[in-house]
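J.: What follows is the residue order along each chain.
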Amino acid sequence: MNELALLIAATLASGTPLAIAGLGLLINEKAGVLNLGAEGIMLVAAIAGFAAAFNSGSDTLAFVAGAAAGGLLAAAFGALVIWLNTNQYATGLAVSLFGYGFSAFVGVGYVGQKLSERTTFDVPGLSQIPFIGPALFRHHPMIYIAIALVAVTVWFLYRSRAGLVLRAVGESPESAHSLGYKVRWIRLMAVVAGGALCGVAGAFLSVVYAPLWVEGLVAGRGWIALALTTFATWRPVRVLLGAYLFGGVTMAQFALQGAGVNVSSQLLAMLPYVATIVVLAIISRNPTWIRINMPASLGKPFHPGT
Amino acid sequence: MNQLSKRALLGVTAAAALAALVGCGKKEEPKQAAAPAAPAAAPAAEPLKAAWVYLGPVGDAGWTFAHDQGRKAVEAEFGDKVKTTFVEKVPESADAERVIRDLAAQGNKIIFTTSFGYMEPTLKVAAEFPDVKFEHATGYKLAPNLSVYDTRFYQDAYLSGIIAGAMSKTNTLGFVGSFPIPEVLRNINAFTLGAQSVNPKIKTKVVWISTWFDPPKEAEAAQSLINAGADVLIQNTDSSAVLQTAEKNGKYAFGWDADMSAVAPKAHLASNMVYWGPYYKKAVKSVMDGTWKSDRTIWGYKEGANGVVKIADQVPEDIKKKVAEVKEGYKAGTMDPFKGPIVDNEGKERLPKDAMPDQAWKDKVDFYVMGVDGKIPASK
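These protein sequence lines are chains Y and X, in that order. Throughout the first sequence, residue numbering follows my numbering, covering 1 to 306 in sequence. Throughout the second sequence, residue numbering follows my numbering, covering 307 to 686 in sequence.
The set of hints was computed from the structure by calculation and includes no laboratory data. A quick note: this is a predicted structure, and the numbers were derived from the prediction, not measured. Some hints could be false.
To be verified - Label pairs and their in silico Cβ distance ranges:
#, chain 1, residue 1, chain 2, residue 2, range
1, X, 608, Y, 60, 51 to 57 Å
2, Y, 263, X, 386, 52 to 58 Å
3, X, 584, Y, 113, 25 to 31 Å
All C-beta atoms in this analysis are idealised placements derived from N, C-alpha and C, irrespective of residue type, glycine included.
One chain only, chain Y, in its complex shape (with noise of 0.2 Å):
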């Protein structure tokens, strides 16, 4: 019972970092941009982090520094897409090779370093209920933001008249502009917060999960991030859901092996990408499941003016 427990726990701190650049790629995906950089804007977030937490000793700067540094290498996308409107798919590659090369060339002097104690989160009185605390009530802030930031999301995107305005953009940025939006402000809005919501993830990677800094040390989960979007059909809760699952079934498989029982670890690293295209494939026999789920215009630069 209490190994569930546990499984729980480690399931939720797992999926955290996904949900949290998930979201972040939903929101600019939602305007019509879509970011391939994911990767290297969390690797940069990630050292960009470690660094203000070793130098700083804080959490919280650890958490600024990361969303900074995503937000910011995520603007310079934005520029370019949004404006130069160099090819999104390209540029977005781009991104995540020189995210990777310069986040090593930053990082090599922080390789081996060790950050400061780690404190242990416990929710005064909840945390002591025996099962429920120990799988949902003794973790990092982080894991409970992170829920918070998708009802934030829920709310933005389908609740509020701004929310309204950046999915105009992502569908039809042609009206947008002609009702006097300026879709390429927008976008780049929605860019730079999905970078921030990216570093914050790419901190937590390096500041709170792993603790530590090397050279590619988000290893692959940013794409698993681009792919949860896809697999969530760009719904805010089901991208906390498939986080959890994805997050979920990684560890359920090394909890299996702990107990003796035999799976393949191999099968099971390739089992986001099948599930996102077993719901590519589906949602894409259905012509109205993609018009009401995947932005139109996803992808596909705005020219205002012709």
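Use these hints to put chain X onto chain Y, whose structure you have.
T.: Here is chain X on its own, set in the frame of chain Y:
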């Protein structure tokens, strides 16, 4: 004496010839002119060029870092008689072949390729450059100008096992494994056997993560082992994430490939080291002397290629003494972690009582010893 003066004379002649050659070619491409002129001629006058091919960055604080320490040991030993270069982050793909060929063409006389995956590329380039000596780490394919070398890491793993067996309260150890290949299986088995030598009740749980390097995943695997009751962990992967996860949970763990004591002062029990320096010095020396020959070399404690260092203060004195005794046994050649009887975890005898395993036996380890939980994942 006669020999010496003869060689010196040869050297002077060769140097003069070289100077002339360089002089001629100067205006065009001085470097290229020097390279083809060097072979066999002048070991005394010209520094020997030696090159290393690395899998990771030298800053990985693990595998590649250890090899680079070995290269630096060569520089320290031979000073300006040797000129070393290295290429880092070389993928185990067609790129490796290109890098190795470039290094051979640049006039390097000995080239070390330091990862298992470089085996085929090294073999191929070795056939094209019969005058260049090649050395491939952890492989098994030889050629007239290609040697292979390795260390006895399982000697370290056994010593760490002794410490782990003494420190475990739950009698459950955890191992984070990369891929189920003989090298890693040897370490799992040696670790378990070492622990059982001081605590017969020891069980080892293994989690495979299918990568050498993915710190968050290493941390997740470590966490799941702790959740399953393990209280002393070790890993065959390249980062310090397992150690840090143990520190977070108030458990114990070991450093691997490098001294990781600073990373987790409370959890760290000892670090398992590998020293490539002694072998690199020997290999470079033999090329200088002209005594190099193709061979398979596996070094351990006896030759100073392995070491368990920075044993924590909280480890009991009698255990430290036992570790020291086993180290002496390694050096004397009387001790081997796989001295029989070895029984696998299905009860089958793999090595009879008191038998000493030979290298062929160790090369083919494909089982868990008694006390390791579970089955080895199928390779297909």
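J.: It remains to establish, for every hint, whether it holds in the given structure.
T.: Going down the list of hints, with the structure as the test:
For residue 608/X and residue 60/Y, the hinted distance range of 51 to 57 Å is satisfied, since their beta carbons lie about 53 Å from each other. A hinted range of 52 to 58 Å holds for the C-beta pair residue 263/Y and residue 386/X, which are about 56 Å apart. Taking 25 to 31 Å as the suggested C-beta distance range, the pair residue 584/X and residue 113/Y conforms, at roughly 29 Å.
Figure legend: structure checked against the earlier numbered hints; every hint is met.
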